[in-house]
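These are the residues of each chain, in order.
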Amino acid sequence: MTHEECKKVVLDIIADIAPDEDLSNVKPEVRLRDQLQLDSMDFLDIVMELRKRHSIEVPEADYGRLASLDSCAEYLTPKFNALAAKS
Amino acid sequence: MNLSRIVITGVGLTAPNGNSLGEFRANLLAGKAGIEWKDVRYMGRLLAGVCHYDPLKYQKKKEIRVGTRAGSISIWCAHEALADSRIDFAPFPKDRVGIYIGCTEHGNVETENEIYAISKFNYDTKYWSHYHNPRTVANNPAGETSLSLGVTGPAYTIGAACAAGNLGLIHAAQMLRLGEVDLALCGGVSESIHTFGIFAGFKSQGALATNEDPLKASRPFDKARNGIVVSEGGCLYTLERLDDALARGAKIYAEIAGYGVNSDASDYVLPNPVRQAECVRKSIANAGLKAADIHIVNTHATATPLGDIQECEAIRSVFGEGCPDTHINNTKSFIGHCMGAAGALELAGNLPSFDDLVVHPTINVDNLDPACALPGLVLNVPVKALKVDTILNNSFGMLGINSTLIVKRFMA
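Those protein sequences? They're chains Z and W, same order as listed. Each step along the first sequence adds one to the number in this note's numbering, with nothing skipped, and position 21 is 21. Each step along the second sequence adds one to the number in this note's numbering, with nothing skipped, and position 382 is 382.
If you're looking for bench data, these hints aren't it; they were derived computationally from the structure. Just so it is clear, CB atoms sit at the ideal spot from N, CA and C, and this is done for glycine as well. There may be inaccurate statements among the hints.
[What the hints assert, rightly or not] One-sided excerpt, in silico: chain W residues whose CB lies under 8 Å from chain Z:
1. Lys-61
2. Lys-62
3. Arg-65
4. Tyr-127
5. Tyr-131
[Unchecked claim] Distance ranges between label pairs, derived from CB positions:
6. W:Glu-180 / Z:Lys-27: 44 to 52 Å
7. W:Leu-246 / Z:Asp-12: 54 to 62 Å
8. Z:Tyr-63 / W:Asp-267: 47 to 55 Å
9. W:Arg-177 / Z:Arg-51: 50 to 58 Å
10. Z:Ala-61 / W:His-52: 41 to 49 Å
Given the sequences, and given the hints that come with them, work out the whole structure.
As structure tokens, then:
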């Protein structure tokens, strides 16, 4: 999985948990909370959907790594690739 | 004790056969029921009363996703009631608004959904939603409504089984009289059709209606009645002290005349006609009226074989033969049993009788059960009454909670 593919996975999740938001111009380097109406429960949704849909675990200590699309890609892409390598 | 007069100044509702008082009333007069088939988890296709309001009118998609169906119904009804009341709500002090919503139960839907969801993950609770607690707290429908409206006054639910809709209004009237709030949004809601448990529970009791024709399924007082049609719905009112309503030139639907609330203290599920009759008499005395002064009695009857007979016994003992101006009807024959919303919705369906003097009927009575025969029972077609100045609304619930509310035509 590439970083861009990983960002697409995260955006697909956000589209479901924040269905009123326009996601066409999300800036990857800007914190998601600074450009979208997302609260702490929504971030827990992202964590839960990563777990449910992709079997990716994000420990609480790492929640900060999901701040922006770029940081998501940096943090999650190796996890996705490690999972793919196992299966 | 000199109590403030309390009046109804706005109505917001969603019923299986209408999403406004006008539509609901028109269908009650036209004999149009609103029961349909619904797929219920684990149980298959069952009869249910389903509401078809547009939640996106007052909620964002995310609010619908995060919240509950009962919260959504409450939000719809509250906004509709406020719009109907024509209160200038934006500058209204929000800490002086109370939200009092009757519920039969709350949380079953969300808990069942979560258990079903984790069943797909070998019941591993790390997949349990972080929304479960805010969705299942008993005050959820009122709390979601407070968020939607920015109301900072008291907002909570009143658990009173199927007597709860009336209790919402009664409690609101009490709070207004105590001066706790200046405006109340009150009534009842139900999301019951989204839990299989309530259907399964009634089925296990032998109290779930079956019929090939959904529109004929809910048939209180008919010989062939065979149980309850479970429905969702909601109805909230704006209640105000009369002086406040008059000061702003409000349209007044009705005045709260009196009420009675009591408990059977006799069984978990079986009603007690003696206590029901006591509750009705208590409400009539509270209103300063006599039985013969009541012009419409809206029954609670849910179409269970025994329950209908017992309520009729209670009504017969209060109204007997000496009440020639009293008409008796039933709204569940159109919409099924809306549980916590039942009392509030069923009252709403009768309020326009103050204007048109027409009493909506009890439909689906092809063969009246002689044990349910009552003088003044309005069967299958509406009747024109000589006068309608008072409406008495019965709502009874499990564990023997009884509520009777009387409203009267507003006269200055």
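Status of each hint after checking the structure:
1. Lys-61: Given a least distance of 4 Å, the restraint on Lys-61 (chain W) holds.
2. Lys-62: Since the shortest Cβ distance to chain Z is 5 Å, the answer is holds.
3. Arg-65: holds, 7 Å
4. Tyr-127: holds, 6 Å
5. Tyr-131: holds, 7 Å
6. W:Glu-180 / Z:Lys-27: 44 to 52 Å: This hint holds: roughly 49 Å between Cβ atoms.
7. W:Leu-246 / Z:Asp-12: 54 to 62 Å: holds, 56 Å
8. Z:Tyr-63 / W:Asp-267: 47 to 55 Å: holds, 52 Å
9. W:Arg-177 / Z:Arg-51: 50 to 58 Å: holds, 52 Å
10. Z:Ala-61 / W:His-52: 41 to 49 Å: holds, 47 Å
In terms of the numbered hints stated before, the structure departs from none.
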